[in-house]
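*Asks:* In case you want the letters, here they are:
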Amino acid sequence: MKARVTVTLKNGVLDPQGKAIEGSLGSLGFEGIEGIRQGKVFDVELTDRSVSEAKADIEAMCEKLLANTVIENYAIELL
Amino acid sequence: MKSAVILFPGSNRDRDMIKALEQISGQPVATVWHTETELPDADLYVLPGGFSYGDYLRSGAIAARSHIMPALKTAADQGRHVLGVCNGFQMLTEAGMLPGALMRNASLHFVCKEVMLETTSTNSPFTSHMEKGKVWRCPVAHHDGNYFADAETLKALEGEGRVAFRYAEGTNPNGSINDIAGITSEKGNVLGMMPHPENLIEDLHGGIEGRALFESVMQSLAA
Numbered sequence: 155m156k157a158r159v160t161v162t163l164k165n166g167v168l169d170p171q172g173k174a175i176e177g178s179l180g181s182l183g184f185e186g187i188e189g190i191r192q193g194k195v196f197d198v199e200l201t202d203r204s205v206s207e208a209k210a211d212i213e214a215m216c217e218k219l220l221a222n223t224v225i226e227n228y229a230i231e232l233l
Numbered sequence: 232m233k234s235a236v237i238l239f240p241g242s243n244r245d246r247d248m249i250k251a252l253e254q255i256s257g258q259p260v261a262t263v264w265h266t267e268t269e270l271p272d273a274d275l276y277v278l279p280g281g282f283s284y285g286d287y288l289r290s291g292a293i294a295a296r297s298h299i300m301p302a303l304k305t306a307a308d309q310g311r312h313v314l315g316v317c318n319g320f321q322m323l324t325e326a327g328m329l330p331g332a333l334m335r336n337a338s339l340h341f342v343c344k345e346v347m348l349e350t351t352s353t354n355s356p357f358t359s360h361m362e363k364g365k366v367w368r369c370p371v372a373h374h375d376g377n378y379f380a381d382a383e384t385l386k387a388l389e390g391e392g393r394v395a396f397r398y399a400e401g402t403n404p405n406g407s408i409n410d411i412a413g414i415t416s417e418k419g420n421v422l423g424m425m426p427h428p429e430n431l432i433e434d435l436h437g438g439i440e441g442r443a444l445f446e447s448v449m450q451s452l453a454a
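So the protein lines, in turn, are chains A and B. If you read the first sequence in the numbering used here, its first letter stands for residue 155, the second for the next number, and so on. If you read the second sequence in the numbering used here, its first letter stands for residue 232, the second for the next number, and so on.
Everything labelled a hint here was simulated from the structure, so no lab data went into it.
Partial pick of chain A residues on the chain B-facing surface, computed with a CB cut under 8 Å:
(1) Val167
(2) Val224
(3) Ile225
Ideal Cβ positions, reconstructed from N, Cα and C, are used throughout, including at glycine.
Isolated chain A, as found in the complex (with noise of 0.2 Å):
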């Protein structure tokens, strides 16, 4: 089975890349853009578990090292 991960900074955090990325936009021609966030996506692959087993060990993934919650939050999507 097969879940994504997606990992964003949280509000309040300068982003300097997205807000480089954002910058580079507007240089392109492309208006109207009121911000960007830069994140990361995670692809994971694992053996058959059930739903619910799944949701819990992709969790405590994300704690301990997919993502720095001090500074990041996630979002899990089972595909």
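Chain A is fixed; fit chain B onto it per the hints.
*Replies:* Frame of chain A; chain B shown alone:
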């Protein structure tokens, strides 16, 4: 002072640190590979600078979960001194041994230069024999030194005198909050800092200002 430096794949300031510790303590320095689970007896354990695991995922993130880290946490809980410099500071925050996080420099540039540091607290053994308020120059070399902590953590750090070093006015190289360059743990026996005091310990370096930090630990141990 007995000291040990912990090595990770991608560490590159370990030799500078070992050299500095040998010169200042006059004793051989132990090295520990990250796959070990036990530490040799030492007064000071150091996580050196570099690019452990190529900064994959987040700087210091993988190293902070390596086999040796539980032993380091135990040593810190027992009051042993732990110093993390640059990538070592990133590991200490990732391991939860120090609060906050080190993010990409606000300029997005890798900075390699000298900055002016102010010793802002003498509350820990690392700075207790240093001069409070003294401004000294120190090299920095990093891409992710932009210290961040939430308002509550910041209030605690400032209120408890745990900001050991600050970039002097106008020299903040990375956008770190409150110009923070180095912080200590609640008990004061863990210090993380972005600048490299180990690179300013002999005349050939152009100055010896970095020695004071290591000598402070030695004096605290002797006291």
